[in-house]
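Based on the provided sequences and hints, a complete structural model is requested.
Protein chains in written order, with my numbering: chain A, 1155 to 1588; chain L, 1155 to 1588.
In short, the hints are calculated from the structure, not lab data.
Treat each hint with caution, since some may be false.
In this list, chains with the same sequence are indistinguishable; a pair is considered to hold if it fits within one copy or across any two.
What the hints assert, rightly or not - Simulated crosslink set (SDA-like; lysine to any residue; CA at most 20 Å straight-line):
#1 K1361 to V1172
#2 K1538 to C1480
#3 K1271 to M1511
#4 K1305 to R1542
#5 K1361 to G1168
#6 K1361 to Q1231
Protein chains: 2
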Amino acid sequence: MSYDYLLTLCIILGSTKVFSILSGRLHLPQVVGSLLAGLLLGPAVLGILAPSEFLTMLAELGVIVIMFNAGMGTSIQELKESGKAGFIVAMCGVLVPLALGTGLMYCFDWGDGAVGKLTLLQSLFLGTVLTATSVSITVETLREIGKLSTKVGNVILAAALIDDVLGLVCLTIVSALAGGSVSIPVVLCKIVLFFVFAVVMAVLAHKFYLWYDRRVADRNLHRFPVSAFALCLFMAWAAEVLFGVADIIGAFAAGLIISSTPKDDYIKSKINPLSYMLLTPVFFANIGLKITMPQMDLMLVAFTVLLVLTAILSKLIGCGLGAKLCGFTTRQGIQTGMGMACRGEVALIVAEKGAAMGIMPEAVFGPIIIMVVCCSVFTPVLLKNAFRGESPYEGLEESSLLDDYEMARRMDMVAAQMMRHEKKLRQKKPGAQG
Amino acid sequence: MSYDYLLTLCIILGSTKVFSILSGRLHLPQVVGSLLAGLLLGPAVLGILAPSEFLTMLAELGVIVIMFNAGMGTSIQELKESGKAGFIVAMCGVLVPLALGTGLMYCFDWGDGAVGKLTLLQSLFLGTVLTATSVSITVETLREIGKLSTKVGNVILAAALIDDVLGLVCLTIVSALAGGSVSIPVVLCKIVLFFVFAVVMAVLAHKFYLWYDRRVADRNLHRFPVSAFALCLFMAWAAEVLFGVADIIGAFAAGLIISSTPKDDYIKSKINPLSYMLLTPVFFANIGLKITMPQMDLMLVAFTVLLVLTAILSKLIGCGLGAKLCGFTTRQGIQTGMGMACRGEVALIVAEKGAAMGIMPEAVFGPIIIMVVCCSVFTPVLLKNAFRGESPYEGLEESSLLDDYEMARRMDMVAAQMMRHEKKLRQKKPGAQG
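Next up, the structure:
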């Protein structure tokens, strides 16, 4: 038995952490740093690490945990409360990128290259990749300029929540379509059955956790996160194998289900380390490892530039229009659109899914990664620009959504402080006895 | 790509949890339940799951995390404070089982069976398997009968800590001997070099974490557990590949190093979920999966019975003598010996290691598992018996070691209660606004 995988994991953990710290210094999202670490270590540059089956399976598990986390972060209660404006902004912000992305892909003339003319389904898939917003970098930026607790900030937080769900509905439909069955009724039937399955699981899980929470109170707490993770794995498997929609949708649905059970915060706090200690770094590094420098012909460069423009402009137009429809000023519409333009891990996950299902050409993967990186680099700059000249107190507004983004971090800091305190007490004790 | 591994992991998590809850009801350690789950699901009984390379690598990672945890639970400070009595009990409790186990293995006449006459090195390995005490079930039993805070309880806690370290010193020597190099100087050189390496890493890590803790205080906390886990993986790899001692020793050493850094409690609290949410269940289930029902010939049955007797009696004699040497009464000596007789996951890990290194016959693995299960079943009964007739207030004594066993659980409960409270506050807020 070879022990090299231990060193491989050590290098992945170390390098993704160092690079994400560095990218944080440059005000870039950690995703960019982690991707870069994989790219540098992989065959494309240094060639220290190579993709392996073990890494691929860990990365796939990482994807499932990321989507499970995303689902847990989307409480149904908050979805209901997020209001009409959030819904309209999200809806327009999904439909416009979907349409423009599909259009770009379908109309782009690859010439005599390896890619060839794409089918409508393949084009639809690229549209789906463009739908998912990543809001974390926007939140950071708005916090930095003191504009997070504003009308625009609140509508962005609400829309980003709904955006995720709508994007996954698109993916459900497209992946069911890609399942090989040509007849639309079969596809619809699969989706409806999956939906029924998810609702049944939700009811069962809700009842079970309510009963169990009363029964065990705060003893034997481990059972909650372990059973929740088992539910997530089961629903991911069932979504993929039994219903022919993507596994990540099952994982997201499991997260949604867990988010309305009594111990959801505790479960989140235990899934989190599983994610950031092992699975998420492996996922990002693995993407970087798989990149080989393609022959950057003129066509691919042109496509990449068009893709980046489409990605940013489509969200700007879609969300901006949505905001205007809800009575926002043009300036606020532009601010909202820029705030929603960032893409992140979900876009990468959907793209990977498409590659795994064989409906997305490998050559398009590189441009998508570049698109994600460019969006993260450009949108904070553009967003700050869109707020330039506003007084610091303009449009301040309270929000309950905001608390959630703060909560996890605060809990963790409190726990660390408690441990520090507890430790001091223990260290004093032997001295007091002696 | 096949998605069956998702279902496999789901079944492993679910079944090990259910069986360990059931075994808890029967006052057996969770290890027994988890092993049983793997055994039932595996080829030996139901044949639902089969060992795979992915599971084996996850299980190996689980072993490393278990040993890392064990190392973190062994603070050098506490080792120093654990006193002469703990050290003598542990020393005798390691030497006697080592000698008797080696003797049993070397002298046992397998007849014409598949095993054949064992070499001294192979026999030494079985002796090493018998050295490691698992104290968790003893702690539970003593707590149940109210005898944990006694002189005997305290010496057991102290001796169990030292016991782990001494057992791993044995394993270091034996595994270095088994590395193929026949010359004793080379083996000694390897061990000394590894020791020097560990000390250098300890000094570097200590300085780094002290500096870093002052620098970042309680922000960006994730970096502590991630870097600690990377250190663990690196030291496991280095121990195995560079120094030819087992990877688990590197992981344990890394844990020891981390245990004396400022954020050790926080790091523990994040390594824990990684362990119990995924890696440890896979490790136990994987052991169960690998068991095939052997032709239970008379020889193997006889060997198993002798092994169980040797395991329990050798600890009883060794630790009992050690306790007598420290001025304990005969009754207290028997209590101490019975309290140290339980074996657990470390015995299984060492045995697996031996099988992987090819110096332990596969046929012996079954008897070792049965030995671990029998020890866990018999010792609580025998231990309670050894305390029968004592007044409930006899020999009560305070201990600072005890706090550690309670601490992690208490912290977790407090965190869960805080989350519950925080949630109520948040749920009230929208109502107050509306």
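Alpha-carbon proximity between K1361 and V1172, which holds within one copy, between copies, both or neither at 20 Å: So K1361 and V1172 pass the 20 Å test across copies only (18 Å; inside, 43 Å).
Intra- versus inter-subunit Cα pairing at 20 Å for K1361 with G1168: Result: close only across copies, 18 Å inter versus 42 Å intra.
Alpha-carbon proximity between K1538 and C1480, which holds within one copy, between copies, both or neither at 20 Å: For K1538 and C1480, the Cα distance exceeds 20 Å both inside one copy (23 Å) and across copies (73 Å).
Identical-chain pair category, K1271 with M1511, by Cα at 20 Å: Classified as within; 18 Å inside a copy, 55 Å across copies.
Copy assignment of K1361 with Q1231, given that the CA separation must stay at most 20 Å: The answer is within: 17 Å in one copy meets 20 Å, while 47 Å across copies does not.
Within, between, both or neither, where K1305 and R1542 count as close if Cα-Cα is 20 Å or less: within (16 Å within a copy, 71 Å between copies)
In terms of the numbered hints stated before, the structure departs from hint 2 and from no other.
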